[in-house]
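Student: One-letter residues, chain by chain:
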Amino acid sequence: MSTLSLAVRDSNTMLRRNLLHARRYPSLTLNLLLTPVMLLLLFVYIFGGAMSAGIGSSGGIGSAGGGGGADRAAYIAYLVPGILLMTIGSTTIGTAVSVSMDMNEGIIARFRTMAIHRGSVLVGHVVGSVMQVLASLLLVGGVGVAIGFRSTDATALEWLAAFGLLVLFALALTWIAVGMGLSSPNPEAASNTAMPLIFLPLISSTFVPIDAMPGWFQPIAQYQPFTPAIETLRGLLLGTEIGNNGWIAVAWCVALAALGYRWSRSLFDRDSK
Amino acid sequence: MPSSVMPTSSNITSAAIAAQGLRKAYGDKTVLDGIDLRIPAGSVFALLGPNGAGKTTAVKILSTLISADDGQAQVGGHDLATDPQAVRAAIGVTGQFSAVDGLITGEENMLLMADLHHLPRDEGRKVAAELLERFDLTDAAKKPASTYSGGMKRRLDLAMTLVGNPRIIFLDEPTTGLDPRSRHNMWGIIRGLVADGVTVFLTTQYLEEADELADRIAVLNDGKLVAEGSAEELKRLIPGGHVRLRFTDPDAYQSAATALREVTRDDEALALQIPSDGSQRELRSTLDWLDSLGIEADELTVHTPDLDDVFFALTGPTSGTSPAYHPANTTDSPKENAR
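For the protein sequence lines, the chains are A and B, in the order given.
One point on numbering: in this note's numbering, the residue at position 245 of the first sequence is 245, and numbering is uninterrupted.
Basically this note's numbering = 1-based index in the second sequence + 1000.
Just so you know, the hints here were simulated from the structure itself, not pulled from any lab data.
Being a predicted model, the structure only gives us computed values, none of them experimental.
All C-beta atoms in this analysis are idealised placements derived from N, C-alpha and C, irrespective of residue type, glycine included.
One or more hints might be untrue.
In silico contact screen, one side only, chain A against chain B (beta carbon under 10 Å); selected entries [to be verified]:
#	residue
1	Leu6
2	Asp10
3	Asn12
4	His21
5	Ile107
6	Ala109
7	Arg110
8	Arg112
Using C-beta positions, here's what the derived DEER-type ranges look like [stated by the list, open to error]:
#	chain 1	residue 1	chain 2	residue 2	range
9	B	Arg1265	A	Ala189	54 to 60 Å
10	A	Leu30	B	Gly1034	52 to 58 Å
11	B	Asp1070	A	Ser2	33 to 39 Å
12	B	Asp1139	A	Ser5	34 to 40 Å
13	B	Thr1147	A	Ser5	32 to 38 Å
14	A	Ser151	B	Ser1149	51 to 57 Å
15	B	Ser1149	A	Ser5	36 to 42 Å
16	A	Pro219	B	Thr1176	56 to 62 Å
17	A	Ser5	B	Gly1077	24 to 30 Å
18	B	Asp1179	A	Leu42	52 to 58 Å
19	B	Asp1139	A	Asn104	25 to 31 Å
20	A	Asn104	B	Glu1123	28 to 34 Å
21	A	Ser5	B	Gly1197	27 to 33 Å
22	B	Arg1181	A	Asn104	28 to 34 Å
Take a look, some chain A residues computed to stay more than 12 Å from chain B by CB distance [what the hints assert, rightly or not]:
#	residue
23	Leu42
24	Phe47
25	Ala50
26	Ala146
27	Ile147
28	Ser151
29	Ala154
30	Leu160
31	Ile210
32	Asp211
33	Trp216
34	Ile220
35	Gln222
36	Asn244
37	Leu259
Construct all of the structure, not just a fragment, from the sequences and the given hints.
Tutor: Structure below.
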């Protein structure tokens, strides 16, 4: 059997194992989904009035002004792309935790003593995790649509590009999360290590436009992976200006994925404990 | 190295596992300090040692889990350092901590192994079902492995190891933590493997287990092999046989101790130990001698040297041997005493 077909076959076996885990024990993923859904509802229904009134003039939101209902609809439109990317971040915390849990299981030592493709354990985790992210996006996106999110004039191509961006972003964060899981001694530590994945979207342009933030803080919000990805997704779904955010987002994704992959492989190829 | 007791037909010259000068240290702590091994194909080899002697480290190195700092080894004819993947294809490993996936069922664990050995679907199902049956797990096959008892997990673990039909199997403390019945079951299973011509590398801290199962035993202490041979050869290494006389009356004990003089005293238990090899002839002369002195003990037991004696003599601090074992420190042989 060639190396490639061995890799594909073993990775597929590992993927099925991980999906079986996810299906048997969905509570971890579901718990992590609560955060983005809660924030979405909180910001729309509790803070929504103040938020949209306060930032309406700063240009980030398409149609400011008008009645409270119109404001709310505009703010939902502004919020949902960021919430979707935050969903990716919080779901991949689950990846870090489950990878760490897995590495503490004896079965991993068994895999290491078998003549299987070395990377298949990790690839199985990554592909399974990306599939879980997509399911999560569907759920959170569904909540968004249910409370009134509508894409304005997005073409089929733009939808496809939006989907591609979400998958790429999920892939990048998942490889990073796998590295975090591998580098943590136990699941609790993994969950702490992975905190930036949920924290970064909070300090991005998810809730308010960057120029509504204090000046000293703007670079922090600007130069991190979530903001360009959020702006790109907004542009694709809502027709706002993308500018060079698209390329920056793709560059972030590719760099993070490559870094996460190299990091994870080198951690996994170390001698076991 | 004396020749071992070998199963008849197997290839005597080929070593399933050979190692030269294996070393491993973690920081300042040397765990393995130059281990040489040669294990003939089709035999059972037991690596015996106290906790922390380096048994698990040896298994981890030979099963490609960790790399040695120095030395080399061949497993199944493949070099560990240059062709670990070929070694992995030849071996099966059942580690000290159960290597089963607790989140999925026993059957799913078996099918996972079948998939990873690239068995066709039908054959995988067949092999899984057969092994589950053989290891008495058919009834529990649909339950998550995390709900299994210790003995069941260990059986599932070994069943998973056997899916790929490995010719060399590493068993790291396969019966640690099992109740006596499960342990005997496991022994039966291991004997079954040997009957199929599989080479078994076993680590254990139970001397009885090594005695029961192994063709050859090596005693590992503090990272070094301190003895190697068959159980019989090891037992011959040290004098440990004695006759133990126990008294209930302290006065009788005192007078006997005075009369016998050159014996090991255990004042607390009111017991005396007279060195003896356990043969009928020596026992008779010892009894005659006791009769001639008018000593009548309330209880007489014959203690032949066993692997416990070897173990305690070869491992651990020399002074702190087990309370059950008092080395016969008299240089007199029983025959001299009997005269």
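Student: Are the hints correct? Go through all of them and say.
Tutor: Here's how the hints hold up against the structure:
The closest approach between the C-beta of Leu6/A and any C-beta of chain B is roughly 8 Å, which is under the 10 Å cut-off, so the hint is satisfied. Annotation: interface hint on Asp10/A holds; nearest CB of chain B at approximately 6 Å, less than 10 Å. Nearest Cβ of chain B to the Cβ of Asn12/A: about 8 Å, under the 10 Å cut. The hint holds. Look at His21/A: its Cβ gets to within about 5 Å of chain B, closer than 10 Å, so that hint holds up.
The interface hint given for Ile107/A holds, since its Cβ lies 5 Å from the closest Cβ of chain B, which is under the 10 Å cut-off. Of the supplied interface hints, the one on Ala109/A holds, with its beta-carbon coming within about 6 Å of a beta-carbon of chain B, less than 10 Å. Nearest Cβ of chain B to the Cβ of Arg110/A: about 4 Å, under the 10 Å cut. The hint holds. Here the hint on Arg112/A is kept, as its CB sits about 6 Å from the closest CB of chain B, short of 10 Å.
Range check, Arg1265/B to Ala189/A: about 57 Å between beta-carbon atoms, so the 54 to 60 Å window is met. At roughly 54 Å, the beta carbons of Leu30/A and Gly1034/B sit within the given window of 52 to 58 Å. Between Asp1070/B and Ser2/A the beta carbon distance is about 35 Å. The supplied range of 33 to 39 Å therefore holds. A beta carbon spacing of about 37 Å between Asp1139/B and Ser5/A agrees with the range 34 to 40 Å that was offered as a hint.
Here the CB-CB span from Thr1147/B to Ser5/A is close to 36 Å, well matched to the stated 32 to 38 Å. Take Ser151/A and Ser1149/B: their Cβ atoms lie about 55 Å apart, and the range 51 to 57 Å holds. In this structure the supplied range 36 to 42 Å holds for Ser1149/B paired with Ser5/A, their Cβ-Cβ distance being about 39 Å. Hint check: Pro219/A to Thr1176/B, Cβ distance near 58 Å, so the stated range 56 to 62 Å holds.
At roughly 26 Å, the beta carbons of Ser5/A and Gly1077/B sit within the given window of 24 to 30 Å. Checked against the hint of 52 to 58 Å, the pair Asp1179/B and Leu42/A passes, with Cβ atoms roughly 55 Å apart. Between Asp1139/B and Asn104/A, the C-beta spacing of about 29 Å keeps the proposed range 25 to 31 Å intact. Between Asn104/A and Glu1123/B the Cβ separation comes to about 32 Å, which falls inside the hinted range of 28 to 34 Å.
Restraint check, Ser5/A to Gly1197/B: a C-beta distance of roughly 32 Å satisfies the suggested window 27 to 33 Å. Range check, Arg1181/B to Asn104/A: about 30 Å between beta-carbon atoms, so the 28 to 34 Å window is met. For Leu42/A, the non-interface assignment is confirmed: its Cβ lies about 33 Å from the closest Cβ of chain B, beyond the 12 Å cut-off. Under the 12 Å C-beta cut-off, the non-interface status given to Phe47/A relative to chain B holds; the minimum distance is some 40 Å.
No Cβ of chain B approaches the Cβ of Ala50/A within 12 Å, the least distance being about 45 Å, so the stated non-interface status holds. Under the 12 Å C-beta cut-off, the non-interface status given to Ala146/A relative to chain B holds; the minimum distance is some 33 Å. Non-interface status of Ile147/A relative to chain B is upheld: no Cβ of that chain comes within 12 Å, the nearest being about 35 Å off. With a minimum CB-CB distance of about 39 Å to chain B, Ser151/A clears the 12 Å threshold, and the non-interface call stands.
The claim that Ala154/A is not at the interface with chain B holds, since no C-beta of that chain comes within 12 Å of its own (minimum 40 Å). Even its closest Cβ contact with chain B, about 34 Å, leaves Leu160/A beyond 12 Å, as expected for a residue assigned away from the interface. Its beta-carbon lying about 43 Å from the closest one in chain B, Ile210/A satisfies the requirement of being farther than 12 Å from that chain. For Asp211/A, the shortest C-beta to C-beta distance to chain B comes to about 48 Å, beyond the 12 Å cut-off, and the non-interface label holds.
With 12 Å as the threshold on Cβ separation, the claim that Trp216/A sits away from chain B holds: the shortest Cβ distance comes to roughly 45 Å. Even its closest Cβ contact with chain B, about 40 Å, leaves Ile220/A beyond 12 Å, as expected for a residue assigned away from the interface. Distance check on Gln222/A: its Cβ is at least 42 Å (rounded) from any Cβ of chain B, clearing the 12 Å threshold; non-interface status holds. With a minimum CB-CB distance of about 45 Å to chain B, Asn244/A clears the 12 Å threshold, and the non-interface call stands.
Residue-level check passed: Leu259/A sits 26 Å from the nearest beta carbon of chain B, beyond 12 Å.
The structure is consistent with each of the numbered hints, conforming to all of them.
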